[in-house]
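Going down the list, the protein sequences come from chains A and B.
Residue 112 in this note's numbering sits at position 112 of the first sequence, and the numbers go up by one each step.
Residue 11 in this note's numbering sits at position 11 of the second sequence, and the numbers go up by one each step.
These aren't lab readings, by the way, just hints derived from the structure by calculation.
Mixed in with the good hints, there may be bad ones.
Stated by the list, open to error - Where chain A lies over chain B, by a calculated footprint (3+ residues, C-beta under 8 Å):
#1 37 to 50
#2 93 to 106
#3 112 to 118
What the hints assert, rightly or not - Stretch by stretch, here's where chain B covers chain A in the computed footprint (C-beta under 8 Å, at least three residues):
#4 24 to 32
#5 37 to 50
#6 102 to 108
#7 111 to 118
Stated by the list, open to error - So these bits of chain B aren't anywhere near chain A, every CB distance computed over 10 Å:
#8 Leu20
#9 His22
#10 Arg53
#11 Ser57
#12 Asp60
#13 Thr69
#14 Val86
#15 Tyr87
#16 Gly89
#17 Arg122
Positions of the beta carbon are idealized from the N, C-alpha and C atoms, including for glycine.
In case you want the letters, here they are:
2 protein chains.
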Amino acid sequence: MSTSPPSAAPPDPVTPDRTLEHPPTEDIRLAEVLHALSDPMRLTVVRRLAGERGEMSCSDVPLPVSKSTSTHHFRVLREAGVISQVYRGTSKMNTLRSADLERLFPGLLDRVLAAADAQAERLGQG
Amino acid sequence: MSTSPPSAAPPDPVTPDRTLEHPPTEDIRLAEVLHALSDPMRLTVVRRLAGERGEMSCSDVPLPVSKSTSTHHFRVLREAGVISQVYRGTSKMNTLRSADLERLFPGLLDRVLAAADAQAERLGQG
Chain A
1 MSTSPPSAAP
11 PDPVTPDRTL
21 EHPPTEDIRL
31 AEVLHALSDP
41 MRLTVVRRLA
51 GERGEMSCSD
61 VPLPVSKSTS
71 THHFRVLREA
81 GVISQVYRGT
91 SKMNTLRSAD
101 LERLFPGLLD
111 RVLAAADAQA
121 ERLGQG
Chain B
1 MSTSPPSAAP
11 PDPVTPDRTL
21 EHPPTEDIRL
31 AEVLHALSDP
41 MRLTVVRRLA
51 GERGEMSCSD
61 VPLPVSKSTS
71 THHFRVLREA
81 GVISQVYRGT
91 SKMNTLRSAD
101 LERLFPGLLD
111 RVLAAADAQA
121 ERLGQG
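Looking at chain A on its own, in the form it has when it is part of the complex:
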């Protein structure tokens, strides 16, 4: 019996019926963004994503918590409008919504990232 080899499949398409909900830019609220950023694990995620050009899978950002807790943290960031998440195959790929945040709250994300860097340096957790 002849089957197509796996390599013939289109590479990692975005699966339309598994689209994750994101707030449109105009619905992003400062309090929710600050809440999303107010957790050391979520700050770790945001710092890692900020250091990347492209998208990262959740497993590219290992956290010292269970998988379900990690998934929760990514979801809080997405629902607040801090990151976007898209399925590619079985992986969720993440990017910072830097441009959207910059448009709404100029300079805020940069200052938070600088503050996180400064604190990590100060506490020797760089």
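With chain A's structure known, arrange chain B on it following the hints.
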């Protein structure tokens, strides 16, 4: 019978045995500051205090919540290191710890306040 007139009493002394606990500057943590700022009522308090030169009593910053909820919000801000509170007579007087925050996280508070102003303007809640 002769008593001292009330005006002879020292004005509003800080009552030493009612001192409220504050984190020393080096114990202030970014995640806790962001958490303290991640509530619309607490952002309202911080915006009002930022617009004042001196200290303000809690009742100078009326919030559309119960007194106990208001007290809670001020306490969260104090315990995170965002404001200092001192008793004068029966009032708690509040000031922003702008200098401490600026030393730890340069520019952060300014960006949060600018973001809060921009959002209030955008949503017509200026």
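Against the structure, the hints:
1. Under a criterion of three residues with beta carbons nearer than 8 Å to beta carbons of chain A, the stated coverage of the region 37 to 50 of chain B is upheld, 5 such residues being counted.
2. For the region 93 to 106 of chain B, the proposed coverage by chain A is satisfied: 3 residues have a C-beta within less than 8 Å of a C-beta in that chain, meeting the threshold of three.
3. For the region 112 to 118 of chain B, the proposed coverage by chain A is satisfied: 5 residues have a C-beta within less than 8 Å of a C-beta in that chain, meeting the threshold of three.
4. Counting residues of the region 24 to 32 of chain A whose beta carbon lies closer than 8 Å to any beta carbon of chain B gives 4, which reaches the threshold of three, so the coverage claim holds.
5. For the region 37 to 50 of chain A, the stated coverage by chain B is satisfied: 5 residues place a CB nearer than 8 Å to a CB of that chain, which reaches the threshold of 3.
6. Restraint check on the region 102 to 108 of chain A versus chain B: 5 residues with Cβ-Cβ distances below 8 Å, three needed, restraint holds.
7. With a threshold of 8 Å between beta carbons, the proposed coverage of the region 111 to 118 of chain A by chain B holds, since 6 of its residues qualify and at least three are required.
8. Every C-beta of chain A lies more than 10 Å from that of Leu20/B, the closest at about 22 Å, which supports listing it as non-interface.
9. With 10 Å as the threshold on Cβ separation, the claim that His22/B sits away from chain A holds: the shortest Cβ distance comes to roughly 19 Å.
10. Non-interface status of Arg53/B relative to chain A is upheld: no Cβ of that chain comes within 10 Å, the nearest being about 24 Å off.
11. Distance check on Ser57/B: its Cβ is at least 24 Å (rounded) from any Cβ of chain A, clearing the 10 Å threshold; non-interface status holds.
12. Look at Asp60/B: its CB is around 22 Å from the nearest CB on chain A, clear of 10 Å, so calling it non-interface holds up.
13. At the 10 Å boundary, the C-beta of Thr69/B stays outside the reach of chain A, the nearest C-beta of that chain being 16 Å off.
14. The claim that Val86/B lies off the interface holds: its Cβ sits roughly 26 Å from the closest Cβ of chain A, which is beyond the 10 Å cut-off.
15. For Tyr87/B, the condition that its CB be more than 10 Å from all CB atoms of chain A holds, with the nearest at approximately 28 Å.
16. Chain A leaves Gly89/B outside its interface by the beta-carbon criterion, the shortest separation being 33 Å against a cut-off of 10 Å.
17. The beta carbon of Arg122/B sits about 8 Å from the closest Cβ of chain A, which is not more than 10 Å, so the claim that it is off the interface is violated.
Consistency with the previously given hints fails for number 17 only.
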